[in-house]
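Can you build the whole structure from these sequences, using the hints too?
Read in order, the letters of the sequence shown correspond to residues -25 to -1, 1 to 378 in mature numbering (1 follows the signal peptide of the UniProt record, and there is no 0).
Honestly, the hints are just simulated from the structure, not real lab data.
Just so we're clear, the structure is a prediction, and the values are computed from it rather than from any experiment.
Among the clues, some could well be false.
Unchecked claim - Using 25 Å as the maximum straight-line C-alpha spacing, the simulated SDA-like pairs for lysine to any residue come out as follows:
{"id": "1", "residue 1": "Lys32", "residue 2": "Gly286"}
{"id": "2", "residue 1": "Lys32", "residue 2": "Ser63"}
{"id": "3", "residue 1": "Lys32", "residue 2": "Arg49"}
{"id": "4", "residue 1": "Lys32", "residue 2": "Ala288"}
{"id": "5", "residue 1": "Lys32", "residue 2": "Pro220"}
{"id": "6", "residue 1": "Lys32", "residue 2": "Ala94"}
{"id": "7", "residue 1": "Lys32", "residue 2": "Pro4"}
{"id": "8", "residue 1": "Lys32", "residue 2": "Thr269"}
{"id": "9", "residue 1": "Lys32", "residue 2": "Gly333"}
{"id": "10", "residue 1": "Lys32", "residue 2": "Thr16"}
{"id": "11", "residue 1": "Lys32", "residue 2": "Ala90"}
{"id": "12", "residue 1": "Lys32", "residue 2": "Arg280"}
{"id": "13", "residue 1": "Lys32", "residue 2": "His316"}
{"id": "14", "residue 1": "Lys32", "residue 2": "Thr282"}
{"id": "15", "residue 1": "Lys32", "residue 2": "Glu283"}
{"id": "16", "residue 1": "Lys32", "residue 2": "Pro52"}
{"id": "17", "residue 1": "Lys32", "residue 2": "Ile278"}
{"id": "18", "residue 1": "Lys32", "residue 2": "Thr285"}
{"id": "19", "residue 1": "Lys32", "residue 2": "Gly43"}
{"id": "20", "residue 1": "Lys32", "residue 2": "Glu334"}
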Amino acid sequence: MPSTSLTRALLGIGACVALSLPAMADDLPESIRIGYAVSDTGPYAGGAGTTITPNYKLWVEEVNQAGGIRVGDRQLPIEVVAYDDRSSSEEAVRAVERLINQDEVHFVLPPWGTALNLAVAPVLHRAGYPHLAVTAVSDRQQDLMDRWPRLFFFLSTSSHYAEGIVTMLEELRESGEIEGRVAMVNVADQFGIELANAARALLQEADFDVVYSQSYPPGTQDMQGIINSARQRDPEAFLAFSYPPETIAITDQAQTLGFNPPLFYTAVGTAFPLFKNRFGDNVEGVLGIGGVDTDSEVMVDYIERHTEMTGQAPDLWASAPTYASLQVLQQAIERAGSIDHEQVVAEMENGTFDTVLGEITLEGRAYWEGWQVGQWQDGVFRAIGPSDREGAAEIVLPKPDWR
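Below you can see the structure in the form of structure tokens.
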């Protein structure tokens, strides 16, 4: 059944006109029906409710307030059909199939996370829909895009983020700030395994001493054994390739156990407003995946709009790319003058787009310019890596003691 908070409703207008697909520029519907199935419940709900759903709502509200998406000489408001995928691959597939075959939506927005995006990708491919896999991270990216030619990525690859933190460790070792002892843990799903494998290979190639490496099942909350084992090895850098529930648990229990290495890195969820709300001043110096350029006026404006309209601050890693992907979709539709999928995909592949990330292109159907490493500094999750990129803040090391 549809989510109670996101029931099938026309946003900004009062009625729904159901038409069969495809609708061409000379046979346009009264509204553009956009569907999505995201995790309102289950272990992925925290990530989806922070990164995906608020940006979908914000975009729809702003587009409809502006009169809709311009297609040819008309502006068409957006109608939303939404379901809860319950953090289940099977449920996500069923929901997307229903959106396409029963609800006959014109476009389907993606679920949250790598696993669910890869689960629904074959369904979207068979139906000929563009797939904006904005929160999917995989080293199989090129193979997946070859298999599914309407698939787009916005967060790059696992190796991209592993390279970011390992390059930073190399810079710190060269400057004499660390010697090179690293402990790492990872969630045992595709995201965590790929990141850990990439980081391990890069660390070994760069002659770091990986003193501890351990995986754990998704959703694990008792991290005391892992943290104690890592602490006994006296690492200078602790890397956790984690999802939000474990990111919170690891940080919380590291404080309880007094584990405070000079460099403390957790992955997904570190940039969430929840992380700051939960740990207050103890976020200072914590590193994580992603980050934003806090000197960008466009980014500052987006953060203010997001906070005002949704009632919560954005995730300072993947929220902005999520919103940017929607801007790309809108501009591609408007340039194509059509909601025909092939025409829209062609525009996305070849165009340059004005977004909250600045002017971007999707070279090879992927956005490659995202920040790799961020750090909480003075209450803001600032981008710090690549360190030689304009807008990067300097790393604060060592991390302050837990308070």
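Structure-based check of all given hints:
1. Lys32 with Gly286: holds, 11 Å
2. Lys32 with Ser63: Roughly 22 Å between the alpha carbons, so the hint for Lys32 and Ser63 holds.
3. Lys32 with Arg49: holds, 22 Å
4. Lys32 with Ala288: Roughly 14 Å separates the two Cα atoms, so the pair holds.
5. Lys32 with Pro220: Distance ~24 Å between Lys32 and Pro220 Cα, so the pair holds.
6. Lys32 with Ala94: holds, 23 Å
7. Lys32 with Pro4: It holds: about 21 Å lies between the C-alpha atoms, which stays within 25 Å.
8. Lys32 with Thr269: With Cα atoms ~23 Å apart, Lys32 and Thr269 stay inside 25 Å; holds.
9. Lys32 with Gly333: holds, 21 Å
10. Lys32 with Thr16: holds, 17 Å
11. Lys32 with Ala90: holds, 23 Å
12. Lys32 with Arg280: holds, 12 Å
13. Lys32 with His316: With a Cα-Cα distance of about 22 Å, the restraint between Lys32 and His316 holds, given a limit of 25 Å.
14. Lys32 with Thr282: holds, 12 Å
15. Lys32 with Glu283: Given pair Lys32, Glu283 holds - Cα atoms ~12 Å apart, limit 25 Å.
16. Lys32 with Pro52: Holds, because 13 Å separates the two Cα atoms, which is no more than 25 Å.
17. Lys32 with Ile278: OK: Lys32 and Ile278 at ~14 Å, within 25 Å.
18. Lys32 with Thr285: The hint holds at about 8 Å.
19. Lys32 with Gly43: holds, 14 Å
20. Lys32 with Glu334: holds, 23 Å
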